[in-house]
Every structure is written in structure tokens, then in C-alpha cells.
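J.: Listed below, chain by chain, are the residues.
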Amino acid sequence: MGKELTIIIGKEEVTAELLTQAAPRMCEIIARALPLEGLLTHAKLVDREVFFQLPFFIDAAENAKWSEKGDLAFWNGRQSLCIFYDDCVPLGNTPTFARVTQNLEGLAREAAEVWDKPGKRIVIKAKEG
Amino acid sequence: MLNTTLDKIIAARQTIWLNEPADIARLRTKKGARKQGASAVLYATAKLGQLAVFLNHLRQVAQQNKVDLETMRVTTNSLLEFYAGQYGGFYGLIDTAQVVRLGKDALGEAKTIEEYVKVVGELALYVSRVDYWVDFLVPWAKFGETYEQIAA
Numbered sequence: 011m012g013k014e015l016t017i018i019i020g021k022e023e024v025t026a027e028l029l030t031q032a033a034p035r036m037c038e039i040i041a042r043a044l045p046l047e048g049l050l051t052h053a054k055l056v057d058r059e060v061f062f063q064l065p066f067f068i069d070a071a072e073n074a075k076w077s078e079k080g081d082l083a084f085w086n087g088r089q090s091l092c093i094f095y096d097d098c099v100p101l102g103n104t105p106t107f108a109r110v111t112q113n114l115e116g117l118a119r120e121a122a123e124v125w126d127k128p129g130k131r132i133v134i135k136a137k138e139g
Numbered sequence: 159m160l161n162t163t164l165d166k167i168i169a170a171r172q173t174i175w176l177n178e179p180a181d182i183a184r185l186r187t188k189k190g191a192r193k194q195g196a197s198a199v200l201y202a203t204a205k206l207g208q209l210a211v212f213l214n215h216l217r218q219v220a221q222q223n224k225v226d227l228e229t230m231r232v233t234t235n236s237l238l239e240f241y242a243g244q245y246g247g248f249y250g251l252i253d254t255a256q257v258v259r260l261g262k263d264a265l266g267e268a269k270t271i272e273e274y275v276k277v278v279g280e281l282a283l284y285v286s287r288v289d290y291w292v293d294f295l296v297p298w299a300k301f302g303e304t305y306e307q308i309a310a
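Chains as they are written, first to last, in this note's numbering: chain A, 11 to 139; chain B, 159 to 310.
Be aware that one or more of the hints could be misleading.
As a list, the in silico DSSO-like pairs of lysine-lysine whose alpha-carbon atoms are at most 30 Å apart [said to hold, decoys possible]: (1) B:K188 with A:K130; (2) B:K205 with A:K54; (3) A:K79 with A:K54.
What follows is a list of derived Cβ distance ranges for each label pair [what the hints assert, rightly or not]: (4) A:E123 with B:V225: 39 to 49 Å; (5) A:T111 with B:E239: 42 to 52 Å; (6) B:I168 with A:G129: 15 to 25 Å; (7) A:A122 with B:T162: 37 to 47 Å; (8) B:A204 with A:A122: 21 to 31 Å; (9) A:F66 with B:F248: 27 to 37 Å; (10) A:E14 with B:G247: 41 to 51 Å; (11) A:E14 with B:T162: 32 to 42 Å; (12) A:T111 with B:Q256: 38 to 48 Å; (13) B:A169 with A:C98: 29 to 39 Å; (14) B:Q218 with A:V99: 24 to 34 Å; (15) B:Q208 with A:C98: 17 to 27 Å.
It should be emphasised that the hints constitute simulated quantities derived from the structure, not laboratory data.
Predicted, not measured: the structure shown is a model, and the values here were computed from it.
Built from N, CA and C at the ideal position, the CB exists for glycine as well.
In isolation and in its complexed conformation, chain A is listed as follows (with noise of 0.2 Å):
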């Protein structure tokens, strides 16, 4: 099990495990960076994805994978922090830094919300405890 991280949007309080295996570069990255906030914005072509930007570039790319729904990606473009909330065709590989191990239903619900309701708040940080 690597280091957890806390996602709080909206309501709801989520848990996800950093790929320290798959992405140490990545990972030490956004570990040091905590936490993280932002205003959410929807992806407007992938169907269940909303990300936020960072103020930092990752140039790292490690992981690069075709997105699941829990995953966490960064897109180095936009320095973007992309969420994959639930099922959907992404538009290629993202490198993956994280995946969400609990509560992934209540960040979907959430985050679906997004999409009419832009600008929502979330905090990253590390898991206490």
C-alpha cells in the first residue's frame, strides 16, 4: 500500500492511493506539493473526467496509461490534475499518478455536478493517521 491522500469536494470525503510503485518521480512530486487546491472544471470532451490546474509542471511522465474511472492523472500541457470519475473513452494515455481506493461513488456524484455547476472547491491532502 503506498501514501494515501484525502480528496474533499463538495460533501464528500474520499481516499486514494498514491502508484508509488508505477510513478515514484510523479508521486514524490505531488507528495511534496501538498496540499492541493483547486476550482474544478469539466472536460469537455471526455464524458466523466473534471481536473483543475497546478501550479507547477510535472515533466516526469511516468505511467502513462489509458484512464480508468479512480484514476488521477496529470497532463503536463496544462498542468491539469485530471479525475476520472467514472466510466469513459479518454483521449489517450495520461500519465496516472493515483487511484481512488474508497468512496469513489460519492466523488462521482460530485463531480457529475461540475459540468453544470463549474468552479466547485477541492482540497488534496495527505491521509492522516
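Starting from the known structure of chain A, fit chain B onto it as the hints suggest.
T.: Just chain B now, kept in the frame of chain A:
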């Protein structure tokens, strides 16, 4: 000197990170053809996205290849001047235009490719951030529904 200019770009980005930039209120007042504002907002996000993508690619090219600083500087300056003129013109994104021109100043002060990468990266972060804010102005859900009704 370079660090002072870079600090100004970083400070500008931090100011708008979680607070709506003043430029957004200015953009909201702009009306395009038939006195509607939608095309102003849609074109603004397109033009911000273009520069963000160009800057990211230039940054990658400079990082991954043996390129000479002067060619990169001349190429980038041309893009920065063009987009600064666009943003500060019709769209009223005057703060954004000013920061993009600060980027030009910073490029003039860069002495190495590593410094070039730093400047272009900071500008990319800033321009992307403004684009995120402009994207919030587009009512994508209603726009999509209306489009489907009309296209049906």
C-alpha cells in the same frame, strides 16, 4: 534583473490563482456581432489556449533539444507580442497583456536556455490560469443542450 521580472509574473499568477482576475469583469462587458458577448468569451478562451499550448511546446523543445537561445527568443517574442496585442485590444484583458509583455522583458534578460525555459514555463502557467477563468464564463451545459436542439 531576470529574477525581479520573473517575480512579478509569479506574483501576478498568485494573485489570480483562487481569485477571479479583474480582466474577467472587463471581458464580460465586451460585445461582438449583434451585441452578444458569447463570441468574445469563446474567442478569448481559444486565443488564451493557443498561447498556452505554444508556450508549452516551446518549453519542451528548449528542454529536449540543442537549440540556440536567440532563435527561441525571437520566435517566442513574435508570438508574445501578437497575443499581447490581441488580449489587450478587443477583449480588454489588459492585465494579461501586461504580464505577457513582462514575459517579453524577461526573455530579453535570459542568458541561458535554462532561464528561457523558466520564463516560458511561468508565462504558460499564468496564461493557462487566465484561460481557466475565462472557461468558467462559458455556460457549457446550456450551450451544449441548445446546440443539440438546433442541430437536431
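J.: A separate judgement is required for each hint: does it hold in the structure or not?
T.: Quick rundown of the hints versus the structure:
Taking the CA atoms of K188 of chain B and K130 of chain A, the gap is about 26 Å. The hint holds against a cut of 30 Å. A C-alpha spacing of about 17 Å is found between K205 of chain B and K54 of chain A, which places the hinted pair at or below 30 Å, so the restraint holds. Of the supplied pair hints, the one linking K79 of chain A and K54 of chain A holds, its CA atoms being roughly 17 Å apart against a limit of 30 Å. Evaluation of the 39 to 49 Å hint for E123 of chain A and V225 of chain B yields a pass: the beta carbon distance comes to about 45 Å.
Remark: the range hint 42 to 52 Å for T111 of chain A to E239 of chain B is upheld by a beta-carbon distance near 49 Å. Between I168 of chain B and G129 of chain A the Cβ separation comes to about 23 Å, which falls inside the hinted range of 15 to 25 Å. Range check, A122 of chain A to T162 of chain B: Cβ separation about 45 Å, and the 37 to 47 Å hint holds. Taken as a hint, the range 21 to 31 Å holds for the pair A204 of chain B and A122 of chain A, whose Cβ atoms sit roughly 26 Å apart.
A hinted range of 27 to 37 Å holds for the C-beta pair F66 of chain A and F248 of chain B, which are about 32 Å apart. In this structure the hint that E14 of chain A and G247 of chain B lie 41 to 51 Å apart at CB holds, the actual value being about 49 Å. Taking 32 to 42 Å as the suggested C-beta distance range, the pair E14 of chain A and T162 of chain B conforms, at roughly 41 Å. Between T111 of chain A and Q256 of chain B the beta carbon distance is about 45 Å. The supplied range of 38 to 48 Å therefore holds.
Range check, A169 of chain B to C98 of chain A: Cβ separation about 37 Å, and the 29 to 39 Å hint holds. Between Q218 of chain B and V99 of chain A the C-beta distance comes to about 26 Å, which sits within the given range of 24 to 34 Å. Between Q208 of chain B and C98 of chain A the beta carbon distance is about 26 Å. The supplied range of 17 to 27 Å therefore holds.
When each numbered hint is compared with the structure, no violation occurs for any of them.
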